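Make the full structure from the sequences, and use the hints.
Okay, here's what each chain looks like letter by letter:
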Amino acid sequence: MTPPVIDRRAAFRGGQRAIIPSLFGAGAWGMVSGVAMVKGGLTVPWAIMMSLLVYAGSAQLAALPLIVAGAPLWVIVATGLVTNLRFVIYSAALRPYFADQSLRKRAALGFFMTDFTFALFMRSAQEGKLPGQHRDAWFAGVCTNNWLTWQVFALTGIVAATYVPTDWGLEFTGTLALVALVGPSLITRPALAGAVLAAVVALLAHELPFKLGLFAGAIAGIVAATLTDAWRQRSPPASAASA
Amino acid sequence: MAAAFATRIRGIRMNDPVSGIALGVVIVGLALSTFVTRTSFLIAGARLRLSHRVEVALRYAPVCTLAAIIVPDILLHGPNATLDLSPLNPRLIGALATGLWLCWSRNIFGCLAAGMAAYSLARLYL
Chain A
1 MTPPVIDRRA
11 AFRGGQRAII
21 PSLFGAGAWG
31 MVSGVAMVKG
41 GLTVPWAIMM
51 SLLVYAGSAQ
61 LAALPLIVAG
71 APLWVIVATG
81 LVTNLRFVIY
91 SAALRPYFAD
101 QSLRKRAALG
111 FFMTDFTFAL
121 FMRSAQEGKL
131 PGQHRDAWFA
141 GVCTNNWLTW
151 QVFALTGIVA
161 ATYVPTDWGL
171 EFTGTLALVA
181 LVGPSLITRP
191 ALAGAVLAAV
201 VALLAHELPF
211 KLGLFAGAIA
221 GIVAATLTDA
231 WRQRSPPASA
241 ASA
Chain B
1 MAAAFATRIR
11 GIRMNDPVSG
21 IALGVVIVGL
31 ALSTFVTRTS
41 FLIAGARLRL
51 SHRVEVALRY
61 APVCTLAAII
71 VPDILLHGPN
81 ATLDLSPLNP
91 RLIGALATGL
101 WLCWSRNIFG
111 CLAAGMAAYS
121 LARLYL
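Protein sequence lines correspond, in order, to chains A and B. Going by my numbering, the first sequence opens with residue 1, and the numbers climb by one from there. Going by my numbering, the second sequence opens with residue 1, and the numbers climb by one from there.
In short, the hints are calculated from the structure, not lab data. Values in this document were obtained by computation on a predicted structure and should not be read as measured data. Possibly wrong hints are sitting among the right ones.
Quick list of simulated restraints, FRET-style, between CB atoms [said to hold, decoys possible]:
{"id": "1", "chain 1": "B", "residue 1": "VAL25", "chain 2": "A", "residue 2": "SER102", "range": "44 to 54 Å"}
{"id": "2", "chain 1": "A", "residue 1": "ALA69", "chain 2": "B", "residue 2": "ASN80", "range": "15 to 25 Å"}
{"id": "3", "chain 1": "A", "residue 1": "LEU204", "chain 2": "B", "residue 2": "TRP104", "range": "47 to 57 Å"}
{"id": "4", "chain 1": "A", "residue 1": "ALA230", "chain 2": "B", "residue 2": "GLY78", "range": "32 to 42 Å"}
{"id": "5", "chain 1": "B", "residue 1": "ASN107", "chain 2": "A", "residue 2": "TRP231", "range": "44 to 54 Å"}
{"id": "6", "chain 1": "A", "residue 1": "LYS129", "chain 2": "B", "residue 2": "GLY20", "range": "43 to 53 Å"}
{"id": "7", "chain 1": "A", "residue 1": "GLY70", "chain 2": "B", "residue 2": "THR82", "range": "27 to 37 Å"}
{"id": "8", "chain 1": "B", "residue 1": "ASN80", "chain 2": "A", "residue 2": "GLY70", "range": "19 to 29 Å"}
{"id": "9", "chain 1": "B", "residue 1": "SER105", "chain 2": "A", "residue 2": "PRO165", "range": "21 to 31 Å"}
{"id": "10", "chain 1": "A", "residue 1": "ARG17", "chain 2": "B", "residue 2": "TRP104", "range": "14 to 24 Å"}
{"id": "11", "chain 1": "B", "residue 1": "GLY110", "chain 2": "A", "residue 2": "GLY132", "range": "24 to 34 Å"}
{"id": "12", "chain 1": "A", "residue 1": "LYS129", "chain 2": "B", "residue 2": "GLY110", "range": "12 to 22 Å"}
{"id": "13", "chain 1": "B", "residue 1": "SER105", "chain 2": "A", "residue 2": "ARG104", "range": "39 to 49 Å"}
Covered by chain A, per the in silico footprint, the following chain B stretches (three or more residues, Cβ under 8 Å) [what the hints assert, rightly or not]:
{"id": "14", "segment": "26 to 33"}
{"id": "15", "segment": "76 to 83"}
{"id": "16", "segment": "87 to 97"}
From the three backbone atoms N, C-alpha and C, an ideal C-beta is built for every residue, glycine too.
In structure tokens:
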């Protein structure tokens, strides 16, 4: 039931619409990141630059205490790299969808990809909700709205840091948006097995430096899901396997 | 300079205050760490051929990575990140409310509202 799409603009707008219900999560998470930058000790102009150039809440939050403590540059950048390692997996997963795009477009789509926009794209792809053509424009629409929302709220948080309550747990909205996005995928057995193992490993390994626990959990989960998938394909199929 | 200013107005003590230019370099370095990881396979990938098994594995990337992000955020608390498996954990209650709402309706806005309402109530009254 792929919706027919006539032109790139319609695809772009379709992407913009697809993410609207979840933008509360992006806004809350952006604002909390902005507030944290200023309360952590950055001045307003530097916090704004950080938000615009880095655009990665988790890496910013991981790097902030190191910056404030005057840690060496390489330690800070290494922390950023490792915190962002999951994006390498994401870009590998997106690659087949954008392989025929120009280098510049692939770089731009990559830079604006986040946990949420990536997961939304993959879920829409698996549910057949992507437009038949102009998938890059659809994804650009998703990323544009996510970026705008995140930045507007991050800037608000930076400028109005002293007025934003930090004890309301607003950032939890971002986590809940991820829960709502990932929940429906858990109905298949490989996905469930992968998610459970990923969560357990991430919990057990959370003390690893550079936030490596998250990456370890993700890798363990993906391996478990793939093995479950392969095992299910080999056993007598209960339903027609979709390849 | 910026850091010294921040120290003055916020009273935060820094062992080795970063100067303006150093902070700029740090920010550019962090921006590069985001750009390089996010675009890695998208830039290098056009000529690459991944095996079928890897393609299947990558289909499970979203659900596994998000589980590794979400679950520690719900269950680990405080500066020492202690495990909180109690049924009164407000984040657990909020996440369960979102999950229940999700079974009933796919409306993400409703899920967020239900989750945040349950989370806030649990934090205030439990």
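Evaluated hints:
1. As the Cβ distance of B:VAL25 to A:SER102 is approximately 31 Å, the hint placing it in 44 to 54 Å is violated.
2. Between A:ALA69 and B:ASN80 the C-beta distance comes to about 19 Å, which sits within the given range of 15 to 25 Å.
3. For the pair A:LEU204 and B:TRP104, the beta carbons lie near 33 Å from each other, so the given range of 47 to 57 Å is not met.
4. The hinted window of 32 to 42 Å between A:ALA230 and B:GLY78 holds, with their beta carbons roughly 40 Å apart.
5. Judged by the Cβ atoms, the range 44 to 54 Å given for B:ASN107 and A:TRP231 is violated: they are separated by roughly 35 Å.
6. Remark: the range hint 43 to 53 Å for A:LYS129 to B:GLY20 is upheld by a beta-carbon distance near 47 Å.
7. For A:GLY70 and B:THR82, the Cβ-Cβ distance of about 29 Å falls inside the hinted range of 27 to 37 Å, so the restraint holds.
8. About 24 Å separates the C-beta atoms of B:ASN80 and A:GLY70, a value consistent with the hinted range of 19 to 29 Å.
9. Look at B:SER105 against A:PRO165: about 29 Å separates their beta carbons, and that is inside 21 to 31 Å.
10. At about 23 Å, the CB distance of A:ARG17 to B:TRP104 agrees with the hint of 14 to 24 Å.
11. The hinted window of 24 to 34 Å between B:GLY110 and A:GLY132 holds, with their beta carbons roughly 30 Å apart.
12. At about 19 Å, the beta-carbon gap between A:LYS129 and B:GLY110 stays in the expected band of 12 to 22 Å.
13. Under the hint 39 to 49 Å, the C-beta atoms of B:SER105 and A:ARG104, about 40 Å apart, fit the expected range.
14. With 8 residues bearing a CB less than 8 Å from a CB of chain A, the segment 26 to 33 of chain B meets the requirement of three and the coverage assertion stands.
15. Counting residues of the segment 76 to 83 of chain B whose CB lies closer than 8 Å to any CB of chain A gives 3, which reaches the minimum of 3, so the coverage claim holds.
16. Check on the segment 87 to 97 of chain B: 4 of its residues sit with their Cβ under 8 Å from a Cβ of chain A, so the three-residue criterion for coverage holds.
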